[in-house]
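Asks: So the sequence lines, in the order shown, correspond to chains G and F. The numbers in my numbering rise by one with no breaks, and the one at position 47 of the first sequence is 47. With the second sequence counted from 1, adding 1000 to any position gets you my numbering.
No lab work stands behind these hints: they were computed from the structure.
If the Cβ cut is set under 7 Å, some of the chain F residues that face chain G in the computed set are:
(1) 1104
(2) 1136
(3) 1138
(4) 1139
(5) 1142
(6) 1143
(7) 1211
(8) 1215
(9) 1219
(10) 1220
(11) 1221
(12) 1223
(13) 1336
Even glycine gets a Cβ: it sits at the ideal position worked out from N, Cα and C.
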Amino acid sequence: MEIKVCGPGCASCEKTQKIVEAAVAAQGVEATISKITDFQEIAKLGIFSTPAVIVDGAVKSVGNVPKQAEVEGWLKA
Amino acid sequence: MESIKPIKSCDDGGNCGSSSSGVNNKKMTGRQLGLGLLGLVLWYLLYTQLLPFSHFFSYDLLGFEKGSHLGDSIQFFVYDTPKVMMLLTLIVFVVGVLRSFFTQERTRKFLAGKRESAGNVMAALLGIVTPFCSCSAVPLFLGFVQAGVPLGVTFSFLIAAPMVNEIALVLLYGLLGWKVAAIYLGTGLAIAMVAGWVIGRLKLEHLIEDWVQELRAGEAVVIEEKLNWTDRIDRGREAVRDIVGKVWIYVVAGIGVGAMIHGYVPEDFMASVMGKDAWWSVPVAVLVGIPMYSNAAGIVPVVEALLGKGAALGTVLAFMMSVIALSLPEMVILRKVLKPKLIAVFIAVVGGGILLTGFLFNLII
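Could you build all of it, start to finish, from the sequences and the hints given here?
Replies: This is the structure:
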C-alpha cells in the first residue's frame, strides 16, 4: 500500500503524518508513507488545500487533519 | 523506524462522527442545545464574578492597600488574565464551530462566480471566517486561480485572512477596549478590500508564474465532509485546545506588561518618538514592521506597551498591521507562485493602505 501525505510542512501536516503512521501501525498493514512538500507537485494532483492524504492514488482527504479512525477505515478497504 | 506513539483515538471522546457512528443527523439535538445554553450561562456567571474576586484576592486576602502601586497592579493582573482567557476561549470555540461551515472549498466556489468590487468585499469578509494559516496561503492561492477567482479578489482574501482574525480582535478588545478593536476591524477590512481592488484594476495576471497559469485547465479534487453537530462542536473544542494552548503565554505576557505600565512607567516615554507630532514615525513603523514576523497574539502585548507609553494610536496600528499583513516569510513563500514585480506591487499597495490608515488616525484622534 502506498500512502502520500501532501503538505508544505506546517503543524497540521506534521499531525496528519503522525496520525497516518499510527493508523498504519494499528492496522498492521504493509505501507510506505511518503511526503509531498512541493506546491507545484501538490497542485498538479488537483489538491489546493493542505494537508491531504492519498492512499494508492486515490485522494482521501483534503484540507483537514483526518481522525485516526477515519484513516484506519481507508486502510481496510 | 522510530517508535510511534499511540494517538488518542476519538472513541474516548464519545462518538466520532460520520464514519463510526451510524447517527448522522444534521440537526442539533435538544441535549446539545441544552448543554450549550447551560455552558453559556455558567460562563456568564463566572465572568461577572471576576471583578469582585480580584478585589477580594488583592485587598482582602493578600491585604494590599487599595490605591497602592503594587496592590493595583496585582488586582489588574488577577482581573484581566482570566477575563481575556475566558473571552478568548468562548470566541475561539464559536469561531471554530463556525469555521466548520466555511471550508476553503466552499469559499473558493462562492468567490469564483463573483465580479470585482462585490467580490473584493465578500473575499475580505470571508477571510475572517475561512480556516487559514500562513502555510496554506500558497495552495489556497493556487486553488483560487484554478477556480477562476479574479486576481484582485484573491488578494483581498489573502490580505484579510491573516490580518483580521478573532484572536487579534479579542486581545485588542480585552486589553485596549472595544473602540480600538472596532477601528482595527474596520480599517483592516477596508485595506483588504481596497488593496485587492487596486491590484485587480492594474491587470497583473501576467505576473503570476507560468506554471500556475497552466493549472486553469485542471480539475480540483473536492471531498465534502459530512459533519453533524457533534463533529462541529468537536471542531470548536479542538480549536480551543490548539489556539488557547498556544496563545495563553502571550496573553499573560501582555497583561503583565500592562500591569507594569499601570504602575511604573512614565506616561509619555514614547511620545516624542511615536507620538502624533512625529509624522515620519508612521512610515518608519511600517518599514520596521515588514521584516518582523509575528502572529496577532504575539504583537498585541507590544502594541499595548507602546500605547501605554504615549505612542499615537495611528502609528501603533500601522506598526501592528505591517507586522501581521506584510511578512517576509510569506513573501518568500508567495515567490513560488508570483513574479517579483507582483510581490513588489502587493507590498506597495498594502503598505500604502496601512500608511494612510496610520496618518488618518493620528489626524482624527
